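Residue numbers (my numbering), protein chains in the order written: chain A, 3 to 359; chain B, 123 to 627; chain C, 4 to 430; chain D, 2 to 399.
Since no wrong hints were added, every one of them can be taken at face value.
If the Cβ cut is set under 10 Å, some of the chain C residues that face chain D in the computed set are:
1) Asn30
2) Val217
3) Asn222
4) Gly350
5) Tyr403
6) Ala411
Derived SDA-like pairs: lysine to any residue, alpha-carbon spacing no greater than 20 Å straight-line:
7) Lys357/A - Asn321/A
8) Lys211/C - Trp201/C
9) Lys261/A - Pro241/C
10) Lys254/D - Tyr484/B
11) Lys261/A - Asp242/C
12) Lys94/A - Pro80/D
13) Lys211/C - Leu383/D
14) Lys61/D - Leu232/C
15) Lys261/A - Pro181/C
16) Lys275/D - Thr444/B
17) Lys94/A - Asp227/D
18) Lys470/B - Pro276/D
19) Lys61/D - Arg235/C
20) Lys182/C - Asp280/A
21) Lys211/C - Arg382/D
22) Lys261/A - Pro247/C
23) Lys94/A - Ser86/D
24) Lys275/D - Tyr484/B
25) Lys92/C - Ser390/B
Computed footprint of chain D on chain C, listed as stretches where at least three residues anywhere in the stretch have a Cβ under 8 Å from a Cβ of chain D:
26) 203-215
27) 224-230
28) 392-401
The hints are simulated quantities; they were obtained by calculation from the structure and are not laboratory data.
Keep in mind that this is a model prediction, so the values were computed, not measured.
C-beta: ideal position from N, C-alpha, C; glycine also.
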Amino acid sequence: GDDEEESTSTEAPAATEAPSATEAPAGTEAPAAGAVSACQVTDVGGVDDKGFNQSAYAGLQQAEADLGAEIALLESASDADYAPNIQAFLDKGCDDIITVGFLLGGATADAAIANPDQQFAIIDSDANDNAGTPDDFADDVNLENVRALNFATDEPSFIAGYLAAGMSETGKVATYGGINIPPVTIFMTGFLNGVNYYNEQKGTAVEVLGWDGTEGSFAGNFESLDDGKKLAQGFADEGADIIFPVAGPVGLGSSAYAKEVGGIRIIGVDVDMYVSNDKEKEVYLTSVLKNIDASVFDTVKNVSETGDAGDDYVGTFANGGVGIADFHDQAGDVPDELKAEIEQLVADFTAGTMKAG
Amino acid sequence: MELELRGITKRFPGVVANDDVNLHVRGGEVLALVGENGAGKSTLMNVLYGLYKADEGEILIDGVPQHFTSPRDAIAAGIGMVHQHFMLVPVFTVAENVVMGVEPTSLGGIKLDLATAREQVRTISEQYGMHLDPDALIEDMPVGLQQRVEIIKVLFRHAKIVVFDEPTAVLTPQEIDDFFVIVESLKADGKGIVFITHKLREAIKVADRIEVLRRGKTVGDADPKTVKDTELAEMMVGRPVDLVVDKAQHEPGDVVLELRDFTVSDPSGRVLVDHVGLQVRAGEIVGIAGVQGNGQTELVDALVGLRRVAGGTVHLVGQDITVATPRDMHRHGVAHIPEDRQREGIVKDFDITENLALTGYYAPPLSSGLTIDWKAARTTAEHLVEQFDIRTPSVDTGVGTLSGGNQQKVIVARELSRDLKLAIACQPTRGIDVGSIEYIHERIVALRDAGVAVLVVSTELDEVMALADRVVVMYRGKVVADLPRASTSHNEVGLYMAGAKESAA
Amino acid sequence: MSVTMPTTPSTPASGALTYEEKRHARNLGIAYIVLAGITMIFLTGHSGTATFNLDGGRSFGLPAQPLAWFVAASLSVVAGIQLWRGFGKWTNVVLAMASLLIFMSFLSWAAAGREFSFIGMLASAVTFSTPLIFGACAGIMCERSGVVNIAIEGLLLNGAFTSAFVGSIASGWPGMGPKSGFWVGVLAAMITSALFAWLLAWLAIRFKVDQVIVGFFINFFVLGLTSFLSSRVLTENPDYNDTPTLGAWKIPLLERIPVLGQILFQQTVFVYAAYVLVVVFTWFLFRTKWGLRTRAVGEHPRAADTLGVNVLRLRYRNVIMAGAIAGFGGAWWTATLGRFNENITNGRGFIALAVVIVGRWHPVGALSAALLFGLFDSVADKLSLLNTGLPSEFIKMTPYLMTIVVVAGFVGRSRGPKAAGQPYESQ
Amino acid sequence: MTAATVDGSPAAAPEEKPKLVVFFDRIDAYNNLLLPFLAIVSALIVGAFIIGLTDIDRLKEGDIGGILTTIKDAYIALPTGALGSLGGISETIVSATPLILAGLCFAVAARSGLFNIGATGQMFAGGMASVWVGFTMDGPGIVQVPLALLAGIIAGGLWGGIVGILKARTGAHEVITTIMTNYIAGLLTLWLLKTEAFQQPGKDNPVSKTVSDKGRLPELFFWSDDPSLRAHWGFLVALGGAVFMWWLFERSKVGFELRTFGSNADAARYAGMKPATLTTLAMFIAGGLAGLGGATQIIGTQGYATESFAGSIGFDAIAVALLGRNKPVGIVFAAFLFGILEAGGRKMQLETDIPLDVVLVLRALIVLFIAAPALTRLIWRLKSEGSTSVLQFRGWGA
Ligand SMILES: Nc1ncnc2c1ncn2[C@@H]1O[C@H](COP(=O)(O)OP(=O)(O)OP(=O)(O)O)[C@@H](O)[C@H]1O
Ligand SMILES: Nc1ncnc2c1ncn2[C@@H]1O[C@H](COP(=O)(O)OP(=O)(O)OP(=O)(O)O)[C@@H](O)[C@H]1O
Ligand SMILES: [Mg+2]
Ligand SMILES: [Mg+2]
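Chain A extracted, bound-state conformation (with noise of 0.2 Å):
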């Protein structure tokens, strides 16, 4: 049965991880003619943020290796610098130009409203336009030269959340992110589902701490790995057993403690973080993938290919947008029966049967 069951587990990922796999073959055939190039704007955090700018630049350099495009990259140091930094890309003539971030909305939609013929994209935003009188907002307002690149991490950290709750021995789970804001808290509140739902299934009592659905337990920053240590402790002196970080980088410091002291589980985030964090991968029960890498490539593709970024994107289980990752080291200790209920789920989900809500 193992086998089976791991290669479901694997599955998901499998069909998103690797887009040069499933559908890059066409990328060998790129136009020779004038490279597509395509061009990164960071939100704040910068390009080494771990997090989602990290991803999207990870997914412009795969474009680069597999379709011979022409990246560029900006960083920003403040938030006044975004639309800036669109504008000399612009003034570059970049075919698409990707923003990162809800922070980056208003400047992306100005920057496309004004220049209708350029492609964008943009990562965790309708890009929205911040023009007009205050009852004038645009959000509904479709550009059409905005691909807006989002994910439905709900969905696999709900599934986190159900194999967390079946995972705990100690009837106790818990979840943090960086800062209280949608991006991150969609992850918690997928998770809280996810345990409650677990609840439901087995009229069991298992409780989450740091999350209620409105508020909760946040490290305040995305950068120190103290913070993630000292939660996490804080968890395990209340009897979490499993704790599901939400904060990009913070979260390897409760890998560590998880690490240091044993007998605590962590699900990484964003990406297989048994891959990415080698030091710790023996923590990691599973991880929620949010693989913005494949389609920021399946973005540059599109622009390369036909002109068009492509329609707005929603990641999802059916599309390869999101994922679980696999068990690796501790999939033994996943009962079958778990196994099997979480492969049910994400055949759920991928089918479009199940909603995370």
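Fit chains B, C and D with the ligands to the given chain A structure using the hints.
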């Protein structure tokens, strides 16, 4: 031991502070160094002490040229200095201040051996009869005792030449007498002493030789046995100086200031000024004599609104001003020359114009509405600089660079140059040269003659006796005597000041 | 520079403080009344018993509402006495007791009907305030000798980076394991931070550059450089960013003391080092020749100079030593997390600066201030678990708000070494 | 001043100089232009080494020529990016605008003897107030814009005033309280942006409602219809702030009191000034200036508020103010220098592969060299001048 300074020249930007100065002192000899404010006395001594490096000239000890690059070298060569502004760390104890730099230690030179330090300090202090508690905090000590700490510092380092830069300026008469006893014993010990002072009679009294410095140059020496203070003053200033205050008879008018049961206490409730009653009439100078620390400072501070009045009333021309603020007092035509010139009286970073505007900036003619009319302020300042003979290149010069005497003149000019009912002058001539003293005294008398009520507070008995029409003596917060000047003597007032006598007054 | 005409002790300058103290006393009385009122708020909402878990399965419970009643009543009494005649020398003790009561009452309110690990909260305060203690000691050492050090943040960050980087590389050296490699990294952190501190001293002393500007320069410079190296060197070579973490080193016997054992004696070497540093530093500062001269140089450098103390050399030495301390403190991150990350110190150096001042430039004061900050930080963490209904942003404010309350309410006016920030000209 | 140079005659009537000459005397062309120039040159030389050393890939390959090209490109990009085009100038101005105001904020407090690290928090307060006015009001720009700015001033002023009151009433050290109020303001902003009153309807991200076009500060380059020229009248507001500060300290009564209090608190008390009021007022004015900076950032540059709109401006501004020696003209120049480095740094990032972090290091170097004239003099062997004046904050020391 013999010390010789030869051809010392020291320049500051725009100033030649010492210009080819020659000087020598022998062990067992007291050399008095006198000169106007800014004549270069302190500068010369700082060169000697290794704090400044002379541009030209050399320092010889027993004929051997010395190269002092820091006070360390000077100390090692046997030179000690008691600075004009004390060099004491206020939050340290006596012992800590004394031993710093040559600390007795234990634990292999790491741990401060305070027990030994205390003992050493006590020994020296007893040897010279200075009675100092090694554990007392400097900031809690009266100035006289602080000075003794400075002296012990010097002795502790086995100095053979001791420089005293204006040691008596801040001392009470009693403290000055004690100080001279110490000087005598140092001299007897074979130490050479350089004694800088503005009080010419002191110089004549203790010195074996007097050297006069003017505008950075030595203008000659004098034999204290034969020289008269007027001669010395003329050598210093370059013109004859009137050392006695010229004061015509003047009939006082109505009561301007009246204190009744005036009481001031510190926050812990200790009474500092004890039910004082006092009257000052128009055209009258009342001098408050008293040893420092007997409540005069607090009395004035409370009077001008810088301190809370604990009880009693103050009336100015009949009006109750007990709770007036400093600004109210200014508005009422009260002038205040503060005791501590540098702390309160001036802002060192400001230029002369700004300092002259410091108390009057808020009202016409210097100001209307929200702004200050700096043009008017400048004109006024130029006028005052001329009128009060403030020596400065321009009114844009920073006050911090002026000599003490000229700083004091800035304050005097500012405070006395307007319509006044009452002028309060605290230690108006502390640390100031005879030329300026003469001038400031003249102004005060002129004020009286113009019908202003004047209150002079001075620990300098001579000053009070010279200026006052009536002498009030404070002792332990109380007024112990209120005597017409004409019918009292230095001696009598001195007794009241020392608490040896109490009058029914 | 600052000693002008010497004056008698009872001038307004020294009186100013005491006048304020008097007003302070009155304000304190009013504050008690206000606090009693606030405590009444704890009567609303939750009720039930708050359970505070200790070690070894022990715990104690506090009934939220009765406690709030009790505290509000006691505070009213205390307020009355304070306004009526004050507590004299007991003022601060009473204040501390009152604060403790309010604190417990607040916690009981927040945790009514629930439980949480009280001991974990305290232990975490001790653990995570450690870098603040090192940073603050570095700051005190500089400022006590007259050099304002805004660069604590940069020095800590450099320490964190260098210890991780060098420590990782050194563990690969022949005959060197990860543990000894780590300590090589710590040494390197101390040396490089000392070098940066030397730069601070050199620029501030030799060239009289405004000390605050140099501090900012070092902060920016270190942040830029370590971020760059982190992304270009560490990310590309994960092996260069991989040291072991130092687990708890339980002190035999002591660790078994109930409650205290877990809070104080089951910590890492860095925590113990911080406490040793505070003790040693305090002793040195107030009992040794070096300490006497250091304090003199910070208060009145010219006085020290005229006694033959080499002011500038002492400043150089102390600032460099402070750098080494901060470097060591920076290594705490590596010891705790086994790696470096961009801007990992994230403003802790500035909190340390505040700690210096709250602690009134005294190592023990700084220790208390750091612990207090750490405590409020971990209180915030616990609050976020207790579903109090407070927005997370407000909970996050706890340590910052409380610092202000403590400073305004307890510490009052604090005055640094007089000469701090001024360049010294020996001529 | 002294008997040694000035002969007895008092105040040898200083000859009346024309105003302009006095002005240029003060500017003192030599020291104020040559030195900064050499300072920048020194910084660029040191910076070149840093760029070279951080170009790890080329260094590994031993590609010295490549490194030199990078340095050359970088140093061409820096000035051309900032000043080489109208767009660059516009961006330089955009960056300089809030820095001027926040720098003035620091300087006003500094000259009143207070060390105010709180510009960040005060900008948050001002920005949030102005954005609120901006999106709730719907009047003509001529009414709405000044009102939004005023709201910024008041909110920033109050936020700073709290620090002043705490200091005046309890003695709480302003360094502590400003650090803490910065954090608090950041958290409050984040919270506010999620409240119904502020949050953009239909969105759940913490981004505020948008200020309508007429509520925005007008464009500076109004004749051009290039939308990327973002520079706005906030720049004029900032210059106005500088003039205000000049007026405050050089002309006004209050400014004189603040200055006196900043230099010698005892003398201020003696002269009848009120220390507690002055402390509070200084912090209010300082906070107001920073709040105005926040307001121009919102209703000028961004048009809406985000949780990090104050960025690191508040901190950079301390360097700006100190560089400008806490004088308005100096601050404007220093802010411009920062603006140039920011706008030029963008082009540098784009045209070379020097990462942003290294650009920041370069900036720190330039600031340092400009702040250290003695160092520059030593390097270029210029003859030394009198010592540099150093600021004093009562917080530290006397
Ligand atoms: N550090 C300095 N920088 C510039 N000028 C100075 C400095 N020290 C002293 N001067 C100037 O040098 C001259 C001599 O000053 P000095 O202090 O030696 O006078 P002094 O004779 O001691 O006066 P006083 O009797 O007032 O103490 C004065 O003009 C003074 O302004
Ligand atoms: N250090 C001081 N030395 C002298 N006078 C002082 C001092 N401090 C305050 N005063 C004066 O004492 C008076 C009252 O001061 P205090 O601070 O007690 O006022 P308060 O009425 O209690 O103030 P508040 O109402 O602001 O609490 C004021 O006129 C003030 O100028
Ligand atoms: Mg970065
Ligand atoms: Mg002198």
